[in-house]
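Visitor: Going down the list, the sequences are from chains A and B. Be aware that the first sequence starts at 133, since it is given in this note's numbering, and climbs by one per residue. Be aware that the second sequence starts at 133, since it is given in this note's numbering, and climbs by one per residue.
Honestly, the hints are just simulated from the structure, not real lab data. It is possible that part of the hints are untrue.
Same chains, same label: a pair holds when it works inside one copy or across any pair of copies.
As the list claims (entries may be wrong) - Here are the simulated SDA-like pairs of lysine to any residue, each with C-alpha atoms no more than 20 Å apart in a straight line:
id	residue 1	residue 2
1	Lys-291	Lys-325
2	Lys-291	Asp-321
3	Lys-179	Ile-168
4	Lys-276	Ala-265
5	Lys-291	Arg-317
6	Lys-173	Lys-190
7	Lys-189	Gly-167
8	Lys-190	Asp-283
9	Lys-325	Ala-152
10	Lys-189	Arg-257
11	Lys-291	Glu-318
12	Lys-291	Arg-231
13	Lys-332	Glu-191
14	Lys-189	Asn-161
Since the structure is predicted, the reported quantities are computational estimates derived from the model, not experimental observations.
As a plain string of letters, each chain reads:
There are 2 protein chains.
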Amino acid sequence: MKIRRRTGNRRESARDRIIATAAELFHNNGYNATGIDQILKAAGATKGSFHHHFGSKKEIALAVIKEIVAPKFNRRMVEPVADAPKPLDAIRQVIRNLRTQGSTDDLLTGCPINNLSSELALQDRQIQSSLSALLDRWQNEWAKALRSQSDLEMQTGFKSARQLALYVVAAMEGAQAMAKAQQSREPLDAVCKHLETTLKRSHD
Amino acid sequence: MKIRRRTGNRRESARDRIIATAAELFHNNGYNATGIDQILKAAGATKGSFHHHFGSKKEIALAVIKEIVAPKFNRRMVEPVADAPKPLDAIRQVIRNLRTQGSTDDLLTGCPINNLSSELALQDRQIQSSLSALLDRWQNEWAKALRSQSDLEMQTGFKSARQLALYVVAAMEGAQAMAKAQQSREPLDAVCKHLETTLKRSHD
Chain A
133 MKIRRRTGNR RESARDRIIA TAAELFHNNG YNATGIDQIL KAAGATKGSF
183 HHHFGSKKEI ALAVIKEIVA PKFNRRMVEP VADAPKPLDA IRQVIRNLRT
233 QGSTDDLLTG CPINNLSSEL ALQDRQIQSS LSALLDRWQN EWAKALRSQS
283 DLEMQTGFKS ARQLALYVVA AMEGAQAMAK AQQSREPLDA VCKHLETTLK
333 RSHD
Chain B
133 MKIRRRTGNR RESARDRIIA TAAELFHNNG YNATGIDQIL KAAGATKGSF
183 HHHFGSKKEI ALAVIKEIVA PKFNRRMVEP VADAPKPLDA IRQVIRNLRT
233 QGSTDDLLTG CPINNLSSEL ALQDRQIQSS LSALLDRWQN EWAKALRSQS
283 DLEMQTGFKS ARQLALYVVA AMEGAQAMAK AQQSREPLDA VCKHLETTLK
333 RSHD
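Using the sequences and the hints given, assemble the complete structure.
Guide: Here you go:
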């Protein structure tokens, strides 16, 4: 993610600017590597507005997850599938979008949920559980969608739609982690294309 | 990983104690959350020995990768496959070991390569490339092993053994990341069992 110059947008509140800036800095540099002063400077916000809106960096992180990461994640991964007349087609399209939308730069920065979770899951139970809830929802909604495809489990060798959903989600997360680790699109392309083919084949 | 009391082992050099302790602290708490003083205290080492052996925390991290992460990784993931008379059986066994060996606690702390990479891949090119080299080797050795199984690509729907290897590695990394994020073995079990079944079915 690129850090946009947010100070120019006067209609955005200081609180919004702090959260949006923190989301980008946490994603690009990590939570522990990002200081509060750095967030405030990049957001064009004062120490006073930080203390007015937040009690700690952790509170900023919880707001980032709730107000930036979760809505974007739901919009991209969950809602297109939950509301789809053909849920399996929708899943394939979401996987395809992950691979084809966004710049290569974006594809090499990792998944925002996994970036935060990898650093903080063992450190902070509250952050861990708010991130875990997003993954739960992803797995549950996709399991529901896959369940609607009655012959899918058997064709793909899974015992249940839930097992298949866990698997697809893990593969997508792993693909993004590998792409970041290796600074290469190749693992992401390989995984997504295979998932698209597998789910298509079962579908036909 | 649990931090063992290392100060009691007098035969270990201060340098070894620093690296072993740092490996555990980086894995459990993260690189940026771990301070040099904290490493030295837990290792029972002095500031003098740190300055004697290392110039910076980054140099400790590079030593951790080279002397702790890489040998353990090669021993678990690469050597059993590279040296195996039946490489595909060996891959299945490695995947099975990931799922069945080690305590549940260990399974929920994530992959040491991915933990470091997720936090540092975008921050430090040298650390990124030393971690990426491990993943390259994993993918390459497994691709070679899978290539020895001539009908495997077709049966699993992959165009090449390399694509299949990228996929299997990504799924395993994603499974460990999900297990850590959700503090649950379920995704790890689902992914590993499916990979074992897929590779067995193709093999028979």
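Visitor: Decide, hint by hint, whether the structure agrees.
Guide: Status of each hint after checking the structure:
Taking the shortest Cα distances, Lys-291 and Lys-325 sit within 20 Å of each other only across copies (11 Å), while inside one copy they are farther apart (23 Å). Taking the shortest alpha-carbon separations for Lys-291 and Asp-321, only the inter-copy value of 13 Å comes in at or below 20 Å, while the best intra-copy value is 27 Å. Taking the shortest alpha-carbon separations for Lys-179 and Ile-168, only the intra-copy value of 9 Å comes in at or below 20 Å, while the best inter-copy value is 29 Å. For the homomeric pair Lys-276 and Ala-265, the shortest alpha-carbon distance inside one copy (16 Å) is at most 20 Å, but the shortest distance between copies (39 Å) is not.
Taking the closest pair of Cα atoms, Lys-291 and Arg-317 come within 20 Å of each other only across two copies (17 Å); inside a single copy the shortest separation is 31 Å, beyond that limit. Taking the closest pair of Cα atoms, Lys-173 and Lys-190 come within 20 Å of each other only inside a single copy of the chain (18 Å); across copies the shortest separation is 27 Å, beyond that limit. In this homomeric assembly, Lys-189 and Gly-167 come within 20 Å of each other (Cα to Cα) both inside a single copy, at 8 Å, and across copies, at 19 Å. Taking identical chains as interchangeable, the C-alpha atoms of Lys-190 and Asp-283 are never at most 20 Å apart, the minima being 45 Å within one chain and 52 Å between chains.
With identical chains, the CA atoms of Lys-325 and Ala-152 are never at most 20 Å apart, being 32 Å at best within one copy and 40 Å at best between copies. Taking identical chains as interchangeable, the C-alpha atoms of Lys-189 and Arg-257 lie at most 20 Å apart only when both belong to the same chain, with a minimum of 15 Å there against 27 Å between chains. For a Cα distance limit of 20 Å, the shortest separation of Lys-291 from Glu-318 across copies, 14 Å, qualifies, whereas the shortest one inside one copy, 30 Å, does not. Taking identical chains as interchangeable, the C-alpha atoms of Lys-291 and Arg-231 lie at most 20 Å apart only when they sit on different chains, with a minimum of 18 Å there against 28 Å within one chain.
When the C-alpha separation of Lys-332 and Glu-191 is checked against a cutoff of 20 Å, the pair qualifies neither within a copy, at 42 Å, nor between copies, at 48 Å. Taking the shortest alpha-carbon separations for Lys-189 and Asn-161, both the intra-copy value of 15 Å and the inter-copy value of 17 Å come in at or below 20 Å.
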